[in-house]
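Q: Okay, here's what each chain looks like letter by letter:
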Amino acid sequence: MTELLATATATGLSWLLEPLSHEFMVRALVVSALVGGVCGLLSCYMTLKGWALMGDAVSHAVMPGVVVAYALGLPFSIGAFVFGVGSVALIGFVKQKSRVKEDTVIGLVFTGFFALGLVLVSKTRSNIDLTHILFGNVLGISIADIQQTLLISGIVVAILLVLRRDFMLFCFDPTHARSIGINTGLLHYLLLSVLSLAAVAGLQTVGIILVVAMLITPGATAYLLTDRFDRMTLLAILSSALSSVLGVYISYWTDSSTAGCIVLVQTVLFLLTFLLAPRYGILKVQRSLAP
Amino acid sequence: MDQCRSIPFGDRLRIEADQICVDYNGVVALYDASLHLRAGCICGLVGMNGSGKSTLFKALMGFVRPSRGTIQINGLSVPRAQRDQAVAYVPQSEEVDCSFPISVWEVVMMGRYGSMNLLRIPRESDRLAVWHALERVELLDLRHRPIGALSGGQRKRAFLARAIAQRASVLLLDEPFNGVDVRTEKLMAELFLQFRHEGHTILISTHDLSHVREFCDLVVLINKTVLAYGETAEVFTPENLAMTFGGMVPNVLSGGPTSTEDFK
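Those protein sequences? They're chains A and Y, same order as listed.
Numbering follows my numbering, in which position 275 of the first sequence is assigned residue number 275; successive positions increment by one, without gaps.
Numbering follows my numbering, in which position 100 of the second sequence is assigned residue number 100; successive positions increment by one, without gaps.
Honestly, the hints are just simulated from the structure, not real lab data.
Hints are not guaranteed to be accurate.
[To be verified] Examples of chain Y residues toward chain A, derived with CB under 10 Å:
id: 1; residue: G62
id: 2; residue: R83
id: 3; residue: D84
id: 4; residue: A88
id: 5; residue: D97
id: 6; residue: P101
id: 7; residue: I102
id: 8; residue: V107
id: 9; residue: G114
id: 10; residue: L119
id: 11; residue: W131
id: 12; residue: L142
id: 13; residue: P146
id: 14; residue: I147
id: 15; residue: G148
id: 16; residue: L172
[To be verified] Residues from chain A that face chain Y, not an exhaustive set, calculated with beta carbons under 10 Å:
id: 17; residue: L161
id: 18; residue: R164
id: 19; residue: M168
id: 20; residue: L169
id: 21; residue: D173
id: 22; residue: S179
id: 23; residue: D227
id: 24; residue: R228
id: 25; residue: M232
Think of the CB as a built atom: it goes at the ideal place given N, C-alpha and C, for glycine as much as any other residue.
From just these sequences and the hints, can you work out the full model?
A: The following block contains the structure:
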């Protein structure tokens, strides 16, 4: 029995330790845990504000920015940020100036930007790999890209920490925020800028297509687990970072898509919470209904 | 109905709105509306839906800028008054996301944000203000509850506590008696009288006329402009009400139920 246990422990340890002998795996684990944590923090505000579609839009809209930045030899995060914020501004402008409904405008603008990105990639003579942009390339991340990700994560976390009460109030009751003299317009665009930055960071690990999952799933999972905002942010960060690390490991051992594994683990965590959460899980409801 | 004059706040004006006009892209919502409210009074703002009640509230909170006319609160411009935390708005319960993961205590603490530093870290005085506000609305026992676990009336009291914690001198209440229980209604009535005594000015937007007759010293009848304004007994005439409600005088003078809102 003890022998069996020892073998199991040894297998488990080697499952955890062997990948760490590769430098690319260490990098991938660190970066995805970091990006996961940052996106997890932001995801609380996205889910509470109801900005899932906005997250999807911004992450797709950064595509042409990445291509242009590469073509000009700039850090790709600058291009991505400009186009991310630009798409948000354009959405706001079209919504204000036309009678078209907001979700239509969002869908319209981000697909337009994304299409522009696709055309630019096909017409730009460079070594951009489209699949890396679309699906991430955390296993092949360069030192320069890690530095960029670190910087972006630092900015996002700093803004969200300093203004976390203001953003919470902004999500909960913007009318009250305005009536006590808080500049809600500024908070609105600041949160969208932070969203653009986080999308750029997330793009590294899971790519444009799946980054929206990083920006909403952890928040949704945490939301089902607690009625406290601070606890929700902690849980979201934890579940997101854990999913990223676990996803990278699984992708290593099964030799499958890293982005896919990360997001799949997040989804499984959400489903488990959805079923089993102490107060808001559906099984709990059924149990309490039974006699 | 003359209590208002007997209180020591005399002629100090809290709200001075002079001939304000508000339009949204050319559509007039309010024209030539004037309103002067002293410190220490309870004023009912009565009008139909779309009569400009909420526009007047928005103008007083600085959300819309009048195209003409001026508004002063405590003798200051609206943005200055906002920074002084002079105006508190108590929303209708339905306007707020009640599944938000936040406790009653945290909601009331939001009333203090405007007086805190950038990081909004509560000091002892903030905690004390929140504690006292919760005590006054009788929610101290429920302070750790999530806001979603409260009844409609309790939630209303929580937002009232937030306004108390803010220490605003002007309170704007939107349909405060909608969907509240008897206990809350009684408590709010007592609190309003206390607020008046403390020199607050309370403006209650409602179309429930029976409550106006009960609580308000003053009434403003509004339909795109201020139709009549003054002591409740003088203003509540069948002619004025007919003007306000476009000919259909609600069954208020006899004291019966006045609107379908009561049955929500």
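Q: Under the criterion of a CB-CB separation shorter than 10 Å, is I147/Y in contact with chain A as hinted?
A: Holds: closest Cβ of chain A sits about 9 Å from I147/Y, inside 10 Å.
Q: A closest beta-carbon separation below 10 Å is what the hint needs, so does D227/A meet it against chain Y?
A: Where the cut-off is 10 Å and the nearest Cβ of chain Y is about 4 Å from D227/A, the hint holds.
Q: Minimum Cβ distance from R83/Y to chain A below 10 Å?
A: The hint holds - R83/Y has a Cβ within 10 Å of chain A, the shortest such distance being about 5 Å.
Q: The hint names G148/Y as touching chain A; please verify it with the least Cβ-Cβ distance against 10 Å.
A: Holds, because the Cβ-Cβ distance from G148/Y to chain A comes to roughly 7 Å (cut-off 10 Å).
Q: Taking the closest Cβ pair, is L142/Y under 10 Å from chain A?
A: violated, 13 Å
Q: Any CB of chain A closer than 10 Å to the CB of A88/Y?
A: holds, 7 Å
Q: Going by Cβ atoms only, is D97/Y closer than 10 Å to chain A?
A: holds, 6 Å
Q: Less than 10 Å between beta-carbons is the criterion; does P101/Y satisfy it with respect to chain A?
A: holds, 5 Å
Q: Hint R164/A vs chain Y: min CB-CB distance below 10 Å?
A: This interface hint holds because 8 Å falls under the 10 Å limit.
Q: Are G62/Y and chain A close enough, Cβ to Cβ, to be under 10 Å, as the hint says?
A: Interface hint status for G62/Y: holds (8 Å vs cutoff 10 Å).
Q: Less than 10 Å between beta-carbons is the criterion; does L169/A satisfy it with respect to chain Y?
A: holds, 6 Å
Q: Classify the hint on D84/Y as holds or violated, based on whether any CB of chain A lies nearer than 10 Å to its CB.
A: Hint on D84/Y: holds, closest Cβ of chain A at ~8 Å, below 10 Å.
Hints 11 and 12 from the earlier list are contradicted by this structure; the remaining hints agree with it.
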